[in-house]
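J.: Sequence:
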Amino acid sequence: MINFKKRLSKELFKNIPQLAEEEILMMIEIPPNSEMGDFAFPCFKLAKVFKKAPNIIADDIAKGLDKGDFIDRVEIAGGYLNFFIDREYFIETVLGEVLLRKETYGSSLIGDGKNVIVEFSSPNIAKPFHIGHIRTTVIGSSLYNIYKFLGYNTIAINHLGDYGTQFGKLIVAFKNWGNEEEVRTNPIAALLDLYVKFHKEAETKPELEDESRQWFKKLENGDDEAVKLWEWFREVSLEEFNRVYDILDITFDSFAGESFYSDKMPAVINMMEERGIIEKSDGADIVDLEPFGLPPALIKKGDGSTLYITRDLAAAIYRKETYDFYKNIYVVGSQQILHFQQMKKILYLMGFEWEKDCVHVPFGMVGLEDGTMSTREGRVVFLEDVLNKAVEKTRDIINEKNPNLENLDEIAKQVGIGAVIFEELSNNRIKDYTFTWDKVLNFEGETGPYVQYTHARASSVLKRAGTDIDSNFKPELLADDITLEILREIQQFPEIVEDAQRKNEPSIITRHIIDIAQAFNRFYHEHPILVEDEELKKARLVVVFAVKQVLSIGLALLGIKAPEKM
RNA sequence: GCACCUGUAGCUCAGUAGGAUAGAGCAACGGUUUCCUAAACCGUGUGCCGGGGGUUCAAAUCCCUCCAGGUGCGCCA
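Position one of the first sequence corresponds to residue 187 (my numbering), numbered consecutively onward.
Read the hints as simulated data drawn from the structure, not as lab findings. Be a bit skeptical, because a hint or two may be false.
[Claimed, not checked] Across the chosen pairs, the derived CB separations fall in these ranges:
1) Glu460 - Lys231: 45 to 53 Å
2) Lys253 - Glu507: 49 to 57 Å
3) Glu507 - Ser657: 47 to 55 Å
4) Lys450 - Asn428: 19 to 27 Å
[Stated by the list, open to error] Distance condition first, Cα-Cα at most 30 Å in a straight line; then the derived DSS-like pairs of lysine-lysine:
5) Lys587 - Lys625
6) Lys403 - Lys487
7) Lys513 - Lys530
8) Lys391 - Lys487
9) Lys486 - Lys361
10) Lys724 - Lys660
11) Lys404 - Lys450
12) Lys403 - Lys334
13) Lys231 - Lys689
14) Lys334 - Lys751
15) Lys192 - Lys253
16) Lys238 - Lys196
17) Lys617 - Lys530
18) Lys450 - Lys361
19) Lys531 - Lys403
20) Lys542 - Lys466
21) Lys288 - Lys751
22) Lys334 - Lys513
23) Lys231 - Lys196
24) Lys747 - Lys313
25) Lys361 - Lys313
26) Lys466 - Lys530
27) Lys625 - Lys751
28) Lys531 - Lys513
29) Lys506 - Lys334
30) Lys542 - Lys513
31) Lys587 - Lys575
32) Lys531 - Lys506
Note that CB positions come from ideal geometry on N, CA and C, so glycine has one too.
Make the full structure from the sequences, and use the hints.
T.: Now the structure itself:
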């Protein structure tokens, strides 16, 4: 792996033995402006150690430095030591690396032998799959890809919301007002109607609530009728969800949802009791988390039935036993920060030191322009509608701009869906955002189609060139600022991927491939590629190839297709 | 009331584990196409980085405090 920073820190270490090599590596930064240098080492911190002014220290280090074969020159500016990497060496190494590693450029084996669980999407059975679910779905899927790319053995779990008192309600509603035919033909809509109807009726007939609690109890006890209905609801809902997952091309390794853990909860509660961490309070069982500054966690209701957190505890323990995870990642909304804090503390109190490997990856809420989404009030934007509309719009654009394009449907799908996913993954996940049709259907500027378009352009040039990529090119022909800027971005890509993993933040990759695309479009505009001069053409084609390669890797990590034409 | 998150250009947002003159996109205005895809490129303008203190050689970034918005706090998930 090329790593200029690492090589630099090795050289610097020889002159600054007072610091650890690792420390030096962390201190190396990239100057705000490439004219200042390729890499910089700030000497301010050393001032205290050496009792000298930073610029003098920089000067001393520069004098003792062995430039080796890769440092062209060193400049001192203020307290900074600025390094200029030998251009030809830089060009050769970066492009050589991409040519060598191809679709594995930026991947690594740091995760080798480690199991990482990513729990994401997790929609509720019998409820619509709406725009609010898209974030967990695409963030989770992208994290899954990123961890896998870095060598982790990754497990995607869809923790379906397929259990809980809501199913008692649904059973009661179905038995009172349900119609088998309707549920069969249009499951989610019919079940949602029943759910809404239940709440309306329950306002005047509170006994319905009791009835539904009883039915849920029956379900937990394995009552035949209850289980049968529940299985049916689950099955028809899942069919609808799978349609969306197919469109998004997302797969899961496990659909073990909440119900899967229903028979594993008594054992968990026993463990807690043995540990003596459960207390009675107002008829319910709770765990006091006062010592951690957290409100108490409710484990069991007054009627003895369990709650969400108990299932999550059972799930975590089951996963540890089954997968022996290195990390157990929950891609769940920021509303549940407290829930996961409590869960981790309970695991801690139960003596599981691996609770620290359970990480909640929260994200902000999706709102609508006219307020928050409400399933019950019908104020909801269906994910499938968004995806379909994006594909339709893409088809219109293609018909206008590129009417002769082959397999229009396939490309329209790739670009339309890509636009939606890209938009979802372009901001820091913690930020709340407001869904607007304008935004998802905007295909210009920092968008998915922009990056895909850039990829298609690069692909098209390569195809037109008609020759194989020749790694025996003359690097000096690529030593202009516009081309170098592309190579700097490409050189950073592996670090960017690692950063995205460390922070569980796919948007870092999204932002970076925009930068690469921008740099390439500038290049594309300024430099004709398929020129007479064979040497120049050969060299530029290598750049085009590298850009296409890295864009396609980046898009794949986000879960977006990279069409060759569009 | 308590806890957590957010506050950067008209709008949407970046800002790399404190660092050099705070950057993109959109919107606005102007320009580029007999030439490899104009979903592109180039140019023009805008900032009390929510306010106030503090730490530091250096703060959008760390600490304190206040303000604004959001979220969460026992029988939902």
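J.: Look at each hint and say if it fits the structure.
T.: Here's how the hints hold up against the structure:
no. : hint                        : result
1   : Glu460 - Lys231: 45 to 53 Å : holds (51 Å)
2   : Lys253 - Glu507: 49 to 57 Å : holds (55 Å)
3   : Glu507 - Ser657: 47 to 55 Å : holds (49 Å)
4   : Lys450 - Asn428: 19 to 27 Å : holds (26 Å)
5   : Lys587 - Lys625             : holds (21 Å)
6   : Lys403 - Lys487             : holds (12 Å)
7   : Lys513 - Lys530             : holds (13 Å)
8   : Lys391 - Lys487             : holds (22 Å)
9   : Lys486 - Lys361             : holds (27 Å)
10  : Lys724 - Lys660             : holds (8 Å)
11  : Lys404 - Lys450             : holds (17 Å)
12  : Lys403 - Lys334             : violated (40 Å)
13  : Lys231 - Lys689             : holds (26 Å)
14  : Lys334 - Lys751             : holds (28 Å)
15  : Lys192 - Lys253             : holds (14 Å)
16  : Lys238 - Lys196             : holds (23 Å)
17  : Lys617 - Lys530             : holds (24 Å)
18  : Lys450 - Lys361             : holds (29 Å)
19  : Lys531 - Lys403             : holds (28 Å)
20  : Lys542 - Lys466             : holds (28 Å)
21  : Lys288 - Lys751             : holds (20 Å)
22  : Lys334 - Lys513             : holds (13 Å)
23  : Lys231 - Lys196             : holds (18 Å)
24  : Lys747 - Lys313             : holds (29 Å)
25  : Lys361 - Lys313             : holds (18 Å)
26  : Lys466 - Lys530             : holds (21 Å)
27  : Lys625 - Lys751             : holds (24 Å)
28  : Lys531 - Lys513             : holds (17 Å)
29  : Lys506 - Lys334             : holds (19 Å)
30  : Lys542 - Lys513             : holds (9 Å)
31  : Lys587 - Lys575             : holds (18 Å)
32  : Lys531 - Lys506             : holds (16 Å)
Violated hint: 12 only; the structure is consistent with all others.
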